[in-house]
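Protein chains: 2
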Amino acid sequence: MSMVGPSRPPALLSLLLVVAVSFFCSAIPIDDIRNRLLVKEKKMQLGGQLVLKKQEMKANEKLMALKNAEITEAMKTQKFPPSMHFFQAKSLIEKSQVFAILKKMPKGAALHVHDFSILSGDWLLKNVTYRPYCHFCITPKGAIQFKFAHPTPPTPKPTECSEWVLLEKYRKQLQNVTEFDDRLLKNFTLMTENPELVYANQDAIWSKFESIFFTISGLVHYAPVFKDYIFQCLQEFYQDNVFYLELRATFFPVYEVDGTVHSREWVVETYRSMAYEFAKDHPGFVGMKIIYTDHRTKNVSLIAQSVKEAMKLQAQFPKTMVGFDLVGREDTGHSLHDYQEALLIPTLQGTKLPYFFHAGETDWQGTSADTNLLDALVFNSTRIGHGFALGKHPAVMEYFRKNDIPIEVCPISNQVLKLVSDLRNHPAAALMASGHPMVISSDDPGIFGSKGLSYDFYEAFMGIGGMKADLKTLKQLAINSIKYSTLSQTDKMDFMQAWEERWNKFIDDLSKRP
Amino acid sequence: MSMVGPSRPPALLSLLLVVAVSFFCSAIPIDDIRNRLLVKEKKMQLGGQLVLKKQEMKANEKLMALKNAEITEAMKTQKFPPSMHFFQAKSLIEKSQVFAILKKMPKGAALHVHDFSILSGDWLLKNVTYRPYCHFCITPKGAIQFKFAHPTPPTPKPTECSEWVLLEKYRKQLQNVTEFDDRLLKNFTLMTENPELVYANQDAIWSKFESIFFTISGLVHYAPVFKDYIFQCLQEFYQDNVFYLELRATFFPVYEVDGTVHSREWVVETYRSMAYEFAKDHPGFVGMKIIYTDHRTKNVSLIAQSVKEAMKLQAQFPKTMVGFDLVGREDTGHSLHDYQEALLIPTLQGTKLPYFFHAGETDWQGTSADTNLLDALVFNSTRIGHGFALGKHPAVMEYFRKNDIPIEVCPISNQVLKLVSDLRNHPAAALMASGHPMVISSDDPGIFGSKGLSYDFYEAFMGIGGMKADLKTLKQLAINSIKYSTLSQTDKMDFMQAWEERWNKFIDDLSKRP
Chain W
29 MSMVGPSRPP
39 ALLSLLLVVA
49 VSFFCSAIPI
59 DDIRNRLLVK
69 EKKMQLGGQL
79 VLKKQEMKAN
89 EKLMALKNAE
99 ITEAMKTQKF
109 PPSMHFFQAK
119 SLIEKSQVFA
129 ILKKMPKGAA
139 LHVHDFSILS
149 GDWLLKNVTY
159 RPYCHFCITP
169 KGAIQFKFAH
179 PTPPTPKPTE
189 CSEWVLLEKY
199 RKQLQNVTEF
209 DDRLLKNFTL
219 MTENPELVYA
229 NQDAIWSKFE
239 SIFFTISGLV
249 HYAPVFKDYI
259 FQCLQEFYQD
269 NVFYLELRAT
279 FFPVYEVDGT
289 VHSREWVVET
299 YRSMAYEFAK
309 DHPGFVGMKI
319 IYTDHRTKNV
329 SLIAQSVKEA
339 MKLQAQFPKT
349 MVGFDLVGRE
359 DTGHSLHDYQ
369 EALLIPTLQG
379 TKLPYFFHAG
389 ETDWQGTSAD
399 TNLLDALVFN
409 STRIGHGFAL
419 GKHPAVMEYF
429 RKNDIPIEVC
439 PISNQVLKLV
449 SDLRNHPAAA
459 LMASGHPMVI
469 SSDDPGIFGS
479 KGLSYDFYEA
489 FMGIGGMKAD
499 LKTLKQLAIN
509 SIKYSTLSQT
519 DKMDFMQAWE
529 ERWNKFIDDL
539 SKRP
Chain E
29 MSMVGPSRPP
39 ALLSLLLVVA
49 VSFFCSAIPI
59 DDIRNRLLVK
69 EKKMQLGGQL
79 VLKKQEMKAN
89 EKLMALKNAE
99 ITEAMKTQKF
109 PPSMHFFQAK
119 SLIEKSQVFA
129 ILKKMPKGAA
139 LHVHDFSILS
149 GDWLLKNVTY
159 RPYCHFCITP
169 KGAIQFKFAH
179 PTPPTPKPTE
189 CSEWVLLEKY
199 RKQLQNVTEF
209 DDRLLKNFTL
219 MTENPELVYA
229 NQDAIWSKFE
239 SIFFTISGLV
249 HYAPVFKDYI
259 FQCLQEFYQD
269 NVFYLELRAT
279 FFPVYEVDGT
289 VHSREWVVET
299 YRSMAYEFAK
309 DHPGFVGMKI
319 IYTDHRTKNV
329 SLIAQSVKEA
339 MKLQAQFPKT
349 MVGFDLVGRE
359 DTGHSLHDYQ
369 EALLIPTLQG
379 TKLPYFFHAG
389 ETDWQGTSAD
399 TNLLDALVFN
409 STRIGHGFAL
419 GKHPAVMEYF
429 RKNDIPIEVC
439 PISNQVLKLV
449 SDLRNHPAAA
459 LMASGHPMVI
469 SSDDPGIFGS
479 KGLSYDFYEA
489 FMGIGGMKAD
499 LKTLKQLAIN
509 SIKYSTLSQT
519 DKMDFMQAWE
529 ERWNKFIDDL
539 SKRP
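Read top to bottom, the protein sequences are chains W and E.
By the count of my numbering, the first sequence reaches residue 542 at its end, each step adding exactly one.
By the count of my numbering, the second sequence reaches residue 542 at its end, each step adding exactly one.
None of these hints come from the bench; they were simulated from the model.
Since this is a predicted model, take the numbers as computed values, not measurements.
Possibly wrong hints are sitting among the right ones.
The list treats identical chains as interchangeable, and a pair is accepted whether it falls inside one copy or across any two copies.
No farther apart than 25 Å at their CA atoms in a straight line, the calculated lysine-lysine pairs in the DSS-like style are these [said to hold, decoys possible]:
(1) Lys169 / Lys104
(2) Lys326 / Lys104
(3) Lys430 / Lys70
(4) Lys104 / Lys236
(5) Lys107 / Lys236
(6) Lys123 / Lys520
(7) Lys511 / Lys326
(8) Lys347 / Lys255
(9) Lys236 / Lys169
(10) Lys185 / Lys340
(11) Lys68 / Lys430
(12) Lys326 / Lys336
(13) Lys430 / Lys71
(14) Lys540 / Lys131
So here's chain W without its partners, still in its complex pose (with noise of 0.2 Å):
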């Protein structure tokens, strides 16, 4: 690329050259070279390498022009959603013709998404707690816990937990039962109007956040709910327009009220069975896969406990369970490498359990949970959970994208964990520009107050993918969604046909949008 500038030498004489400035501007081919960048970077960027057809680019304009109209109006009023915190912008993305799209917009598939913390805690108070049999008691750091049983369970040790009050007759004997169950909704979410102001760091936060998993898991894991949470779970996703998901499952122990706990085959035959059965009134429903996850606070022996249970349900179940993770805190929780005992169990049994590993979910480098990010690589990763430091690591980010091994980006996930404020800011953005492969997931949307994966979609397509990110960059982050799921060959075909006649009836509407 030749460039103008001090390098060059003068043409003409000069001073007939500085009469004419103007004209000889569009002698020197300055447009030109600007416009050859301009080409090169668009076609690097995620989608870059797509053509649209003619409805496409027509839908695509109307796309842009809204989504340029609703910047041009962000820049005026400083108010841009993707630069504020998703508690104070979720209204505004409500008010987005942009997220309306994006809502309709068949999205694929959901890859990054945590059993139980995709409901919004309005569900589980209205839906769950109401429900008979449902106890509870506090502990003595004031957390709360639930139980179903009948008849009401002895009362726990003192230091485990308050005796079991049943909730149904303690509502009846409060004044104002409206207020209680407000404080009650506040156990079950982050969300709050002041996130910056009640969540000062990270450990402030996830603390929270880890409180909330130990607050609802004894609604969760009561076998009715968990079967309404699954399907609702389903249904949600799919009025998104998400068809598939893989989902992240902790296997904590499925009760009755009786106080029967089930196996772990029994967890995934009722994930395997209510997706069968999901599908069968849900036109377009492609189904749901189970990664095995286990926490990072366990001990070795306890992760190679997980890793080999993994490995049974997954040869007893192979279509369903289909890898292992591990889940919490990176910051504080174990590395992969404290692990590599525990998760070289498979190769040397000549297994193959595909990893799925969170790796770079940090603001620190150099850490352990920085450094993750090799392990990922070292133990053969097939997904990268977040990867949010990877940009830090160009040795690493060169070996996943040579080997076409995707991150799983959650846009909101990392702003309300406090890794990134302002989105457009995200190390995604770098990510995106160049093409590297990525899927786009919601983590934890019922937590977050978030839903489905269209608002994370918007904060990727508004804020990570600036004003540059178009109609290629979400056809082939929903391509993207399929090509990296763990779907057999055929069944993505399947499934991306079916993706297509949906993405065509998008963008004939989008098209002759008015």
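We have chain W; now place chain E onto it with these hints.
Here is chain E on its own, set in the frame of chain W:
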């Protein structure tokens, strides 16, 4: 690089292997692969190609022990200065032992600093506003303006300013001068206790930022102050172990108490002679050069005039006047593209006027401020001011890298002007990890409440570089500041040699720390 994991076939009977997992962990070269990756990334990072001498290795150990201790402590307290707003982090930084070392380190040159935002408001208050003949007036919008004059000048038009009040006389009739001075000081600095609340968005902070330049203009362009300012500026950088500066100068008219206005030639000559005088009493001081700047709010024909003026001054003072740049907020000002006719003048005249463009000092993507990065390339910019958005431009980034065009990273500036809140997320982190050419500078230290380069070096070393950045990184940054200066090859070699002597002394002291 060979990988373990699903794609690796079993080597021995699985049963035997399970029993002996811990034995075989060492047989599978997990740690080998991991270490090779670590070493590879270590070599890729900024300074990774440098080879430390024995003494330097010892010094590095001391430095890294302190650094690791400070970071480990910060992880516990969740109070890590680079993650906090600089105004709140400053006192913490000043307690840091790493910072104390960085102050002593010979840092080379400051390549991105603006003429009248280098000294603190406190210096202006105490050393300037108490001088005789200092008048002030208040504009209709409530801004303060200053003018040194004798006798008191006539009252300006009411649309411009109130009548001129002699500050000396005004202070005499005040009951509480300290209170007045405290309020006055607030007009000279962005510093405040609650920056997040006071400056709601980038509009707010830029508005205050520009108002400071407006207010101090009458003070610093008074010829005697102008000279003292330059001297004090050289003094502060010298004390901070910075021995050479390239100053972006605005060429606002410099005046005398009788109203005489000096020519631009006088200004350049004053810079030149001040630096010359300073060098006499300050061993090791290399000098100061000037980059002509104009404001990007102006129209193209005014900028064309400035380009010609810069060319003229460059011809007259080839060793002092070294290039041209545009200042002011990129998001709201004219783009380089808008100015293309003006910027082509030197080329069309067959003259070399090196450009040092601010480009990509923005969070927005796809706007004209963002696209300035492309135009900086097209117009053959010698260095890039900030280049904050560079990571989002893979093609431009690659070109700059290949052609060794550095970005001038100003961490505190980017944080205070609200481009990024947590400096661990500064986009230069990825660039530093991959060894992209860069220098560290302080932009407007006086207005941000910092001094010299050490505070910005602290943020870059601790925050942007993370735990991985070490003595090699620091050494490379110092070397870069010499390498990417506009000094002649001979002058660079002399500077490098003088710097190296100081560096060796610094290393000697550091390695002998108890």
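Do the hints match the structure? See the list:
Taking the closest pair of Cα atoms, lysine 169 and lysine 104 come within 25 Å of each other only across two copies (21 Å); inside a single copy the shortest separation is 47 Å, beyond that limit. Proximity of lysine 326 and lysine 104 under a CA criterion of 25 Å is satisfied inter-copy only: 21 Å between copies versus 50 Å inside one chain copy. Taking CA atoms no more than 25 Å apart as the test, lysine 430 paired with lysine 70 passes in both settings, with 20 Å inside one copy and 20 Å between copies. For a Cα distance limit of 25 Å, the shortest separation of lysine 104 from lysine 236 across copies, 17 Å, qualifies, whereas the shortest one inside one copy, 36 Å, does not.
Taking the closest pair of Cα atoms, lysine 107 and lysine 236 come within 25 Å of each other only across two copies (19 Å); inside a single copy the shortest separation is 28 Å, beyond that limit. Taking the shortest alpha-carbon separations for lysine 123 and lysine 520, neither the intra-copy value of 34 Å nor the inter-copy value of 58 Å comes in at or below 25 Å. For the identical chains of this complex, lysine 511 and lysine 326 are neighbours neither inside a copy (33 Å) nor across copies (51 Å), given an alpha-carbon limit of 25 Å. Taking CA atoms no more than 25 Å apart as the test, lysine 347 paired with lysine 255 passes inside one copy only; the shortest distance there is 19 Å, against 78 Å between copies.
In this assembly of identical chains, the alpha carbons of lysine 236 and lysine 169 lie at most 25 Å apart only when taken from the same copy (13 Å versus 47 Å across copies). Taking the closest pair of Cα atoms, lysine 185 and lysine 340 never come within 25 Å of each other, the shortest separation being 35 Å inside a single copy and 87 Å across copies. In this assembly of identical chains, lysine 68 and lysine 430 lie within 25 Å of each other by CA distance both inside one copy and across copies; the values are 20 Å within and 17 Å between. For a Cα distance limit of 25 Å, the shortest separation of lysine 326 from lysine 336 inside one copy, 15 Å, qualifies, whereas the shortest one across copies, 69 Å, does not.
When the C-alpha separation of lysine 430 and lysine 71 is checked against a cutoff of 25 Å, the pair qualifies both within a copy, at 18 Å, and between copies, at 20 Å. Proximity of lysine 540 to lysine 131 under the C-alpha cut-off of 25 Å is restricted to the intra-copy arrangement: shortest distance 17 Å within a copy versus 64 Å between copies.
In terms of the numbered hints stated before, the structure departs from hints 6, 7, 10, listed from lowest to highest.
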